[in-house]
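From first to last, the protein sequence lines are chains A and B. All the letters of the first sequence, read from the start, carry residue numbers 1 to 341 under the working numbering. All the letters of the second sequence, read from the start, carry residue numbers 1001 to 1324 under the working numbering.
Be aware that a few hints might be false.
[As the list claims (entries may be wrong)] When the alpha-carbon atoms are kept at most 27 Å apart in a straight line, the in silico DSSO-like pairs for lysine-lysine are as follows:
no. : chain 1 : residue 1 : chain 2 : residue 2
1   : B       : K1288     : B       : K1271
2   : B       : K1021     : A       : K154
3   : A       : K188      : A       : K137
4   : B       : K1128     : B       : K1207
5   : A       : K278      : B       : K1302
6   : A       : K278      : B       : K1204
7   : A       : K21       : A       : K188
8   : A       : K137      : A       : K154
9   : A       : K154      : A       : K164
10  : A       : K278      : B       : K1074
11  : B       : K1021     : B       : K1288
12  : A       : K21       : A       : K51
13  : B       : K1074     : B       : K1021
14  : A       : K124      : A       : K93
15  : B       : K1128     : A       : K278
[As the list claims (entries may be wrong)] In silico negatives: residues of chain B with every beta carbon more than 12 Å from chain A:
no. : residue
16  : G1047
17  : E1048
18  : D1087
19  : R1115
20  : V1130
21  : S1162
22  : G1163
23  : D1192
24  : N1201
25  : Q1205
26  : S1224
27  : K1271
28  : R1295
29  : K1302
30  : E1311
Simulated from the structure, these hints should not be mistaken for laboratory data. Keep in mind the model is a prediction, meaning the values are calculated, not measured. Note that the Cβ used here is the ideal one computed from N, Cα and C, for glycine as well.
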Amino acid sequence: MQNEAMVSVEEQQNDVLLSVKDLRTWFELRRYGFVRVGHVRALDGVSFDLKPGEAVAVVGESGCGKSTLAKTILGLEPPTAGEVRFDGRNLGKPTRELLRWYRARVGYVQQDPYGALPPFMSVKRILEEPLIINGVKDRHERQRRIYEALTQLKLTPVEDFLNKYPHMLSGGQQQRVVIARAKILEPKLIVADEPVSMLDASVRVEILQLLRELQREYELAVIYITHDLSTVRYFSERIFVMYGGKIIEQAQMEDLLADPKHPYTEALLRAIPDPHPKNAETMREVPPGEPPSLLNPPLGCRFHPRCSKMIEGLCDQTEPPEVDLGDQHIVGCWLYTDQQS
Amino acid sequence: MRKTSSDSALLRIEGLRLHFKTMRGTVQAVDDVTFSLNRGRTLVVVGESGCGKSSLARGILRLLPRNVETYSGKIYLNGDELMCLTDERFRREVRWVRMSMVPQAAMNSLNPVVRVEDQVAEPLLVHKCVTTREEAYERAREAFRMVGVPLDFMTRYPFELSGGMRQRVALAMALVTDPELVVLDEPTSALDLLTQANIMNVLKQIKKDIGVTFILITHDIATSSELADDAAVMYAGQLVEFCDAGRFYLDPLHPYSRGLMGSVPTLWERKDLMFIPGQPPSLLDPPKGCRFAERCPDRFDKCEEEPPLTEVDVGHWVKCWLHR
């Protein structure tokens, strides 16, 4: 009996690439340098599982904790509580070896490509360095992998780019070098934090499509973090909506568009225009107020001060549970507690 | 001060050029731009970064950096030619009195050590639009009401306000002198989605209430449709298409405008996204013929010559050999 249970746990773990449980990242706030005055709860209880080869999008407004989520997953910020498991290994207090093992399997695509690339290194050196650090000793092998990565990202002819420095490239090309660097070690997971928000509209789509192709071809798991909901559909099937340091709704993109459950998601979707001349004729409905302070978040549901469907005595007192509505649609809202599947 | 003229065009620009001197040569940021805008309408200027749309705004308001090489053409505001005014007269009689601007990242351009009410009242006092301080603050209060900032925020400092509120204060500063034309340079691009929608609502309401003419400069095509009556598309320093919003969002003619519209991701409508391969030409040495030819899917021999901006339909101007 016990053995069986063990096996099933093992199996489950094999099926999950990244598992995040009740992750909290708080930043200490000090006054005069040493008096502790409180915590900014940037990430406050986030849990999800990611399968190998799965693409998810995390959307939310600035200050909702989406970048902190990325950084905590990447091990750039130590979590205050909760755990991150990658391929079954707990990354709680990583040793050097564990971090090295982990970082060879996870790629990071930053928001600002120019800031992410060292200005004094040529494209070739930028791409070669991770290979050298991770012990690819054969020069021809390194060369082959650099060529392969640049070709995949359509930076061709490769010879033209190898000896260029970041400032000689356009924004789109820089971002492609960043992606090439993230994938050159053939990672299993790529975390892309707003990879296209600094780029022009006409290039954005191209970069997203390239990322998508890589994801499909190599069965890469990708976490795509963005504030721009309209690009999500072109990238992933599953979406997490964050608000005030929590994931308040997760669903398949099509379900979310057709039937958003959380009042915040509804408001967010209503605020996004498709380009059409008719938009100028009507006003948009927008909930009043602003996102909560993460220093002192409101009691109960964090959206309740702005919510039009707030239930008094409940939403403003007790945090809502995560309600599973079936079909991978999970919402953190009191309105749906009777629909639990 | 204000003249009424039989010409319904509030702003008319003819052959505006703005070239900058740099170490590497002349940058032709705005090159031969011509259009006219009627009173009470909102013109949206779209284009990729570096296409000269912000320089166009600066050229209209004559807020020029020091390295200007060429600044020529004609700008008529309500029939008055502005280019012949001296800088001093332009500053005293036109800028912020008859036209004003909300600069890019305006919310960070407020003075951090001055209360917001003083900042909003300042243009009135500087330009002597009012006689007493009380009157100036009364007008400032009106402007705050218009942009939806609670009046008890007036005595606060900018850091005590959120980004959206600061943006509204910048807008109040531009509106307080009751100008005929307000140029908005990327007014919402640094803001969150919901705040962005809020500011757009405020702008719509103002447009309806006081009929001010806006020029909205942006790269965000989806959001721009919230306010647009007319649209102008810029590419590599030139105006390549000018038409009303209906035609621009539904059926633009210039291959660049079509590519741009095709690359806008849409949330509700399902479509296959396109992108424009390549990148815009350097403005240091732009190509001789059509500047878009290199990236254009429909180019042909003729494109080696520069196409003129032609009126293909009433009020629809296109700079392309395909549409003559």
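Consistency of the hints with the structure:
Using a Cα cut-off of 27 Å, the hinted pair B:K1288 and B:K1271 is violated, with the two alpha carbons roughly 35 Å apart. Restraint check for B:K1021 and A:K154: the C-alpha separation of about 35 Å exceeds 27 Å, so the hint is violated. For a cut-off of 27 Å, the pair hint linking A:K188 to A:K137 stands: about 22 Å separates their Cα positions. Proposed proximity of B:K1128 and B:K1207 is supported: the alpha carbons are some 25 Å apart, at most 27 Å.
This hinted pair does not check out: A:K278 and B:K1302 have alpha carbons roughly 37 Å apart, beyond 27 Å. Only pairs whose Cα atoms come within 27 Å are accepted, and A:K278 paired with B:K1204 is accepted, the gap being roughly 13 Å. Restraint check for A:K21 and A:K188: the C-alpha separation of about 20 Å stays at or below 27 Å, so the hint holds. Taking the CA atoms of A:K137 and A:K154, the gap is near 26 Å; set against the 27 Å cutoff, the hint holds.
For the given pair, A:K154 sits about 15 Å from A:K164 by alpha-carbon distance, which is consistent with the 27 Å threshold. Restraint check for A:K278 and B:K1074: the C-alpha separation of about 33 Å exceeds 27 Å, so the hint is violated. Using a Cα cut-off of 27 Å, the hinted pair B:K1021 and B:K1288 holds, with the two alpha carbons roughly 20 Å apart. Distance hint between A:K21 and A:K51 is fulfilled; the C-alpha atoms sit about 15 Å from each other, no more than 27 Å.
Only pairs whose Cα atoms come within 27 Å are accepted, and B:K1074 paired with B:K1021 is accepted, the gap being roughly 21 Å. Taking the CA atoms of A:K124 and A:K93, the gap is about 34 Å. The hint is violated against a cut of 27 Å. As the CA atoms of B:K1128 and A:K278 are separated by approximately 40 Å, the hinted pair breaks the 27 Å bound. Listed as outside the interface, B:G1047 is inconsistent with that label: its C-beta sits roughly 9 Å from the nearest C-beta of chain A, within the 12 Å cut-off.
With 12 Å as the threshold on Cβ separation, the claim that B:E1048 sits away from chain A is violated: the shortest Cβ distance comes to roughly 4 Å. Annotated as non-interface, B:D1087 keeps its C-beta farther than 12 Å from every C-beta of chain A; the closest such distance is 34 Å. Distance check on B:R1115: its Cβ is at least 21 Å (rounded) from any Cβ of chain A, clearing the 12 Å threshold; non-interface status holds. In this structure B:V1130 is separated from chain A by more than 12 Å, as the shortest Cβ-Cβ distance comes to about 32 Å.
The Cβ of B:S1162 sits about 5 Å from the closest Cβ of chain A, inside the 12 Å cut-off, so the non-interface label is violated. The beta carbon of B:G1163 is not kept farther than 12 Å from every beta carbon of chain A, the shortest such distance being approximately 8 Å. Distance to chain A contradicts B:D1192 as a non-interface residue, since its nearest Cβ pair spans about 4 Å, not more than 12 Å. Listed as a non-interface residue, B:N1201 fails to keep its Cβ farther than 12 Å from every Cβ of chain A; the least gap is roughly 5 Å.
For B:Q1205, the shortest C-beta to C-beta distance to chain A comes to about 8 Å, within the 12 Å cut-off, and the non-interface label is violated. Residue-level check failed: B:S1224 sits 8 Å from the nearest beta carbon of chain A, not beyond 12 Å. For B:K1271, the condition that its CB be more than 12 Å from all CB atoms of chain A is violated, with the nearest at approximately 10 Å. Distance check for B:R1295 against chain A: the nearest CB is about 9 Å away, which does not clear 12 Å, and the non-interface claim fails.
Distance to chain A confirms B:K1302 as a non-interface residue, since its nearest Cβ pair spans about 24 Å, more than 12 Å. Even its closest Cβ contact with chain A, about 20 Å, leaves B:E1311 beyond 12 Å, as expected for a residue assigned away from the interface.
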